[in-house]
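As a plain string of letters, each chain reads:
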Amino acid sequence: MTSSVLPSNVAAPATATPANKQASAKSAAWRRRLPLLPALIFTIVVTQIPFVLTVVYSFQSWNLVRPGSRHFVWLQNYVDVFVDSQFRTALLNTVLLTVFSVLVSMLLGLGLALLLDRKMIGRGVVRTLLITPFLILPAAGALLWKTTMFDPTYGLLNFVFGGNTDWLAEWPLTSVIAQIVWQWTPFMMLLILAGLQSQSKEVLEAAQVDGANRWRTFASITLPQLSRYLQLATLLGAIYIVNSFDAIFLMTQGGPGTASTNLPFYIYQRAFQGFDIGQSSAMGVVVVILTMIVATFALRLMFRTFSVTGGVK
Amino acid sequence: MTTVDTATPRHAAAPVPRKRKRRIGPISLSALTWVIAILFVFPLIWMVLTSFKQEADAYTDPPKLVFGPTLDQFAGVIDRGFLPYLANSAFVTVLVVLIVLIFAIPAAYALSIAPVKGTTNALGFFLSTKMLPIVAAIIPLYVISQNLKLLDNVWALVILYTSMNLPLAIWMMRSFFLEVPTEMMEAARVDGANLPTLLYKIILPVVAPGIAATALICVIFSWTEFFYAVNLTAARAGTVPVFLVGFITSEGLYWAQLAAAALLASLPVMIVGWIAQNHLVRGLSMGAVK
Amino acid sequence: MRKALTLFLVAALLGVAGCAGAGAVGAGGRTLVVAIVANPQMQDAISLSGQFERDTGITLRFVTLPENQARAKITASVATGGGEFDVVMISNYETPQWAKNGWLENLEPYLKESQGYDENDFIPSIRTSLSYQDSLYAVPFYGESSFLAYRKDLFDAAGLTMPAHPTWQEVAGFAAKLDDDAKDVAGICLRGKPGWGESLAPFTTVANTFGASWFDEDWNARLNTPEFKKAAQFYVDLVREHGEVGASSAGFSECGTRYGQGQAAMWYDATVMAGTNEDESSSKIVGKSGYVAAPVEQTRSSGWLYTWALAMPKVTQDKQGAWEFMKWMTDKQFVKSVGTEFGWNRVPPGCRASTYDIPEYTEAAKAYAQPTLDAINEATQQNAMAHPVPYPGIQFVGIPEFQDLGTRVSQQLSAAIAGQITVDEALAQSQEYADTVGQAYRETR
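Residue numbers (our numbering), protein chains in the order written: chain A, 1 to 313; chain B, 1001 to 1290; chain C, 2001 to 2445.
Read the hints as simulated data drawn from the structure, not as lab findings.
Errors might be hidden in some of the hints.
Said to hold, decoys possible - Straight-line alpha carbon distances no greater than 25 Å define the calculated DMTMM-like cross-link-like pairs of lysine to aspartate or glutamate that follow: (1) B:K1201 with A:E202; (2) C:K2332 with C:E2363; (3) C:K2112 with C:E2363; (4) C:K2230 with C:E2425; (5) A:K201 with B:D1072; (6) C:K2284 with C:E2297; (7) C:K2288 with C:D2180; (8) A:K201 with B:E1183; (9) C:K2152 with C:D2134; (10) C:K2229 with C:E2217; (11) A:K26 with B:E1186; (12) C:K2229 with C:E2170; (13) C:K2284 with B:E1186; (14) C:K2284 with C:D2181; (15) B:K1149 with C:E2425; (16) C:K2327 with C:E2360; (17) C:K2319 with C:D2180; (18) A:K201 with A:D80; (19) C:K2183 with A:E170; (20) C:K2284 with C:E2425; (21) C:K2336 with B:E1186; (22) C:K2183 with C:D2218; (23) C:K2319 with C:D2044; (24) B:K1149 with C:D2318; (25) C:K2336 with C:E2053; (26) C:K2336 with C:D2153; (27) C:K2336 with C:E2119.
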């Protein structure tokens, strides 16, 4: 990834640090890299080896339950992926799911963080309460929503709103989005809260003294300050939500039909029902490539829209 | 940068209460917050209620608020051998958080305060490792684990979860490192501080809440990870999610038991969250002033 | 302070839990790892397993997972020779295929040396379904077929009588009459949840008895035949008009809940449902149900055949120990132990004929014991199907591709039940899937 628009508002003069006095510039650069190396090497080893293996498998036709059928077919699996209409449906569903889940949970998280960014009675308790949906196992959360909220007969939603709506059958993707938003809003809230509470109080007071009302303060001071955290929250949230699996697996099994199948679930079906290792590996590789393309564009767009100009704090 | 008087000793200044003379009074806003919070976690409250029910009471239309409570479900959960799974999860989680922090803090430092050439490339690389759906990698991982004799071994989980959480931790820590005001560091450097002192005395106190937040999120992700745990462990190295999922039966009623198990399973993380949260607050209110 | 606390926690946990993963906990004796599915009958076995451990000195470790996960994990492990499990619980779907692949241990030699185990006691249809080339490769733990449960009280109130061998048209008529939206009682409960083992099980039996089949003897896919269409239309219409709410995501559990809470007048499903229906701790309609044979149209019977059984992967090291366990969990003594310990309603049904000779059992299971036994005895392809087919299995197609094919088709069916597509559209798509599979078999014949 070669996007070079990451704002780096920290200038680090290479000459001033005493440790570099006697070393040449090159070894200085290496010493600066040193802290990064353990993490980098570990990550490379643990993630790239399986990835390479996945790519190798993607060139094979290999069905786990038909022994003796394993052989190289090179790009055939990839062709099959693009011809597969269900893959396209899953792709569309994944995009819809991710975009809406991230947007809604971020807006909710922002709202909640703003509400919590004040002194109030029992603030700690409220904050703990609000984080909790993120702390329970996603599997438990999905089952919780399926049995207590969405169930057409015994669910709370129908109890409150009346009617017999079978939420998971009539609104499968929306239901899944609702569950994911519920689970992820605390994450967004936490990050944004950290950002809000790292605001400089003097600046806020200065603005108040200057006569700015709350909205102006929010728009001109808080929001730009928050932009870094919003970007981070969006990016991380998106990466995780794209990979959502538990909710769909436990609530709708991708159905009805393929209405709520997303890419991870579809890959799971290929790998663990069809036991078609070649096909599912090829799909995984395609997903990586697609995600990288989208992420590059998204990062560029985000940084351009929310760029922190001149370090406004 | 605003023209705030940087000579004011930071830790000595008491946080000035921000008075809000708004139309919505502070009390009603607090009340609103409480109401929203309760509504938001209502499904969870329901789950807690359900864990005290008998199975028949858990599936009723209309949903029952009043019922005869019982501790049977909890007893049943513990009887099913919950504790070894709990121990495994605790072991994995603690190790993963430690290792992640040990790796991520220097890495984030190298990518923010003292940036190296190719920072964006490194960041992008870390992020890209999260793009392969874990479902697609499971067979290769299974085969590798088999060959390394790491099947049904907690160390496989430790290694995997560390690699899964590192990118997140690095990105988060980097954000918090970028908040450290340059003047502070310049001043310290000018005073002749070397790297360790710089780290411990200046930077760490400022990013402490960030570390707490990162650690908390790593704890959550390691504790609740389900897919790898189910597929790479069997009898010995099973973690809490594996135990939980064993309650889902295709031929019987299980919701009350599952609720009880889910409650017990989430309790440790909730306690950790509560503790980390306090530190977060303390750290934020101390180090927030710039 | 926080650092010190963390370090302390680490030290404590390392001490306590460190052995948990890296090495085996426990005395240096024999250990067996058993992979089983999370069903109530298996839970009872786990509860009693202490007895086995005491008698043999072998330590047992159970890995319990829901059916989908258990299947996937066990298959991956056995297919790649992973060796995590010494004993696995599989069904009559996998057994012949895996035996053919050479992944399972042939149990005949072990049977020969086990006096008193009496493998001839196993119900013949069950035994055949777990055999390959006349050798047994898995021993059944419990077996099931399918039948129809109906609420005798609701029938009486409406002045209806259920015949001993109903047809599907009759059943549809009853469902229409008993469907009561006001009281929230569905005429009939039928599975609609996607899954080759969920909605496809009852549906395929309906298709069978309407004279249809998945493939003909030349491996042509037959999902676009008039008989298959008629069966599909019938099933979908019945569920949509008189079936339960939320049918398209209702599997065994969901239907069981509805029926057990008194919200359905009839329920066509596995014979093991009777255990749940008659269980006082979870059912509100204990003693109110009658059980009759699976409805038919053109065939003699229609019930399916399914069994959960224990098998030994070839890579198991302690084969003798594994056999000891498999023997223990499936012999006559075990049946008696469950009966006396937990109640005769919880005895693993449908695999040993001798179980049905135990007076306490036939007394406790009065309502459903005989219908269950009859259904299983009758469950053969000859009885349940109108034409011969080139594959084993009544409610499934016993080929490896079926897990995938079946699930995809069931998703189409479920979408039709949800009203998102028409039956014709569902079948057109399903035919395509099936044809791809059939083609592979036509080519390799």
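Problem - Straight-line alpha-carbon gap K2284 of chain C to E2425 of chain C, limit 25 Å - result: Violated: K2284 of chain C and E2425 of chain C sit about 40 Å apart, past 25 Å.
Problem - Given hint D2044 of chain C paired with K2319 of chain C - CA-CA distance at most 25 Å - result: holds, 24 Å
Practice task
Mind checking the alpha carbons of K1149 of chain B and E2425 of chain C for me, to see if they're no more than 25 Å apart?
Solution key: This hinted pair is violated, its Cα atoms lying about 49 Å apart.
Exercise for the section: Would you check the hint for K2336 of chain C and E2119 of chain C, treating anything up to 25 Å between C-alpha atoms as holding? Expected result: holds, 17 Å
Problem - Agreement of K2336 of chain C and D2153 of chain C with the hint, judged by alpha carbon distance not exceeding 25 Å - result: The hint is violated at about 33 Å.
Practice task
Mind checking the alpha carbons of K201 of chain A and D80 of chain A for me, to see if they're no more than 25 Å apart?
Solution key: violated, 58 Å
Handout entry: K2336 of chain C paired with E2053 of chain C [C-alpha distance capped at 25 Å]
Key = holds, 18 Å
Practice task
Mind checking the alpha carbons of K2319 of chain C and D2180 of chain C for me, to see if they're no more than 25 Å apart?
Solution key: violated, 56 Å
Problem - 25 Å limit on alpha-carbon distance, applied to hinted pair K2284 of chain C and E2297 of chain C - result: violated, 32 Å
Practice task
With a cut-off of 25 Å on the C-alpha distance, tell me whether K2112 of chain C and E2363 of chain C pass.
Solution key: Cα-Cα ~34 Å, so violated.
Exercise for the section: Compare the distance between the alpha carbons of K2183 of chain C and D2218 of chain C with 25 Å, and conclude whether the hinted pair is satisfied. Expected result: Distance of about 50 Å is beyond 25 Å: violated.
Problem - 25 Å Cα cutoff - pair K201 of chain A, E1183 of chain B - result: holds, 18 Å
Comparing the model with each earlier hint shows violations of hints 3, 5, 6, 9, 13, 15, 17, 18, 20, 21, 22, 26; every other hint is respected.
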